[in-house]
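**Q** The opening position of the sequence shown corresponds to residue 1 in full-length UniProt numbering, with each subsequent residue numbered one higher.
Worth double-checking, as some hints may not be accurate.
Said to hold, decoys possible - Computed spacing ranges between beta-carbons, pair by pair: (1) Arg332 with Arg150: 19 to 29 Å; (2) Asp218 with Phe137: 21 to 31 Å; (3) Leu95 with Arg115: 27 to 37 Å; (4) Arg150 with Gln221: 42 to 52 Å; (5) Gly292 with Trp130: 22 to 32 Å.
Simulated from the structure, these hints should not be mistaken for laboratory data.
This structure is a prediction, so every number in the text was calculated from the model and none was measured.
Even for Gly, the Cβ is constructed at its ideal location relative to N, Cα and C.
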Amino acid sequence: MSYNEVMGGRAPIRMWADPDEVEPNVMQQLRNVANLPWVQGVAVMPDVHHGMGATVGSVIAMRDAVSPAAVGVDIGCGMTAVRTSFKVESLPDNLAYLRSKLEQAIPVGFGHHKRPVDPTRLYGFKTADWAGFWKDFDTLAPAVHARRERAEAQMGTLGGGNHFLEVCADDEGTVWVVLHSGSRNIGKELAEHHIGQAQHLPHNQDLPDRNLAVFVGDTPQMDAYRRDLFWAQDYARRNRAVMMAMVCDVLRRHLAGITFERPISCHHNYVAEESYDGVDVLVTRKGAIRAGAGEFGIIPGSMATGTYIVKGLGNTAAFNSASHGAGRRMSRSKAKKTFTLADFKAQTAGVECRKDTGVIDEIPGAYKDIRSVMAAQADLVEVVAHLRQLVCIKG
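Starting from the given sequences, assemble the full structure and let the hints guide the process.
**A** Structure, rendered in structure tokens:
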């Protein structure tokens, strides 16, 4: 579908979601953002839903300004996918055993490694300059300096919530590995620190939502945020790369002869410096991926409804963006009240995963229909592959 342009702000709101189906509180959040004096434009993805300050599933272009809440608290959260040489018929019959081996290697939830992972010992690992990366930790906001040991131990861990690790198969029967994670607790603490700092600045005192507080260019506060933001985005990228390398090591030990192609990776909570119509802007994608012409991306549904590998079409009206997934249609608390364990088992039939009350809030029924989401953004991305879940590991 093409977008709908909605009035109600200083800047245009272009929607790849049906405005009549978007909740009133979500529309109000979008109008609040569009009324900020620094905003150049807002693009709304078909998976849009309520968030803190700014909606999840929105792309906001600002002139020499950025709102930390428009990035999200899990800075750099995103996806990585790897196509393997294996066919689904070559997998072992006992996928529960394979899941257990992956769970032993990758800490989930609040878990962490007993000792920090040494990336140089991982097979074929390419991410460079670890010494320089950790040296830069000392330049971050003093509020997080006591968290270095935990940040080191959480490098290469999945986290909880909607983060996941999956073994999938595409429609031709080729096996893929897909994971979703971000900057773990260190990214969250940096985000919350800077949101708090922004809320006290004089120019943010009359905002319709204090969580939309912004930093503006050529200020010490903006410089400090950008330093910490880009470090956290790098942490998230490295975290996913370490995990994927560890997963591939597990699969090599248990699936003889398996090989792996070059990973596809994308952030979906981040900031990028871009230019549109000759205007330099800071683009925040909160629950959205970059989808420039020919750029690969990953758009997951829920834990049993499949994932799409896509290629961007470079639609500048959407600031070269697309959705980051299906998007929730109900809160976690409502999902727990609405669905039973029997519902969860029925909706995840055929997927090797946890089947207990601890993951009911991630039931497929709590998410929007991924097929409808993909249909709504046919002018943003083209589908390269559709994957179905075989094994799903949740925090």
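**Q** For each hint, tell me whether it holds in the structure or not.
**A** Each hint, compared with the structure:
| no. | hint | result |
| --- | --- | --- |
| 1 | Arg332 with Arg150: 19 to 29 Å | 25 Å, holds |
| 2 | Asp218 with Phe137: 21 to 31 Å | 26 Å, holds |
| 3 | Leu95 with Arg115: 27 to 37 Å | 29 Å, holds |
| 4 | Arg150 with Gln221: 42 to 52 Å | 25 Å, violated |
| 5 | Gly292 with Trp130: 22 to 32 Å | 29 Å, holds |
Against the hints set out earlier in the document, a violation occurs for number 4 only.
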